[in-house]
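Asker: Throughout the sequence shown, residue numbering follows our numbering, covering 46 to 217 in sequence.
Don't read these hints as lab results, they were simulated from the structure.
None of the values given here were measured: they were computed from a predicted structure.
The beta carbon of each residue, even a glycine, is placed where N, CA and C say it ideally should be.
Accuracy of the hints is not assured; some may be wrong.
Claimed, not checked - Pairwise CB distance ranges, derived in the manner of DEER restraints:
# : residue 1 : residue 2 : range
1 : Glu198    : Asp54     : 16 to 24 Å
2 : Lys129    : Val98     : 31 to 39 Å
3 : Asp164    : Asn51     : 31 to 39 Å
4 : Val98     : Ile138    : 23 to 31 Å
Unchecked claim - In the EDC-like style, the derived pairs of lysine to aspartate or glutamate whose C-alpha atoms are separated by at most 16 Å in a straight line are:
#  : residue 1 : residue 2
5  : Lys129    : Glu58
6  : Lys127    : Asp113
7  : Lys199    : Glu133
8  : Lys111    : Glu58
9  : Lys123    : Glu133
10 : Lys111    : Glu133
11 : Lys194    : Glu133
12 : Lys127    : Glu198
13 : Lys47     : Asp164
14 : Lys111    : Asp164
15 : Lys201    : Asp122
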Amino acid sequence: MKTIKNILDRIVEFFCIGIMGIMTILVTWQVFTRYVLNNPSTITEQSAQYLFVWLVLYGAAYVFGKRDHMSITFIKDKMPFKIKTAMEIIQEIVIALFALGVMVYGGYISSLRQMAQLDAALQIPIGIIYSAIPISGGFIIFYTIYNIKSIVEKLKHSDEQVKKSSSERFIG
């Protein structure tokens with residue numbers, strides 16, 4: 046599972062870097078055509094906006110995979126190890142349920158409903174733009190499953206360390 050996570054990390058990293066590069070080119074072109082040529086491009090602004098939405102969604106999935114998302118840990122940090130671990134698992138489950146219900150299911154329904162509507166500037170279905178929501182939700186679900194597996198392994202490893210240290214105390 047770690048290999049799959051590493052591959053997914055690389056794909057999402059590459060995708061986010063690519064989006065950022067394309068956005069930079071689009072915005073630079075928009076500024077150039079607007080202020081130098083006095084004839085602004087009609088598609089660059091809308092394209093950059095849609096790419097920014099995709100960047101945010103895929104970037105959020107990547108951050109969940111790294112467990113670097115924002116959280117308030119004041120109470121959790123004061124808890125014993127096992128309670129803290131249980132709270133981390135509950136947190137991951139809540140994130141997965143949100144991603145499944147809102148992002149995957151809701152995003153899928155929303156993108157299907159918007160397939161018939163075309164963007165005025167780009168002439169592509171709005172549903173394609175919305176498809177980033179269920180895709181990033183799927184990534185988040187994968188990452189939360191991986192994170193739960195890692196947390197459980199950390200808990201098992203700590204239990205083994207406690208058993209090992211207590212048995213060494215009685216032997217010595």
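Asker: Against the structure, test the hints numbered earlier, and report the numbers of the ones violated in rising order.
Answerer: 5, 6, 13, 14, 15
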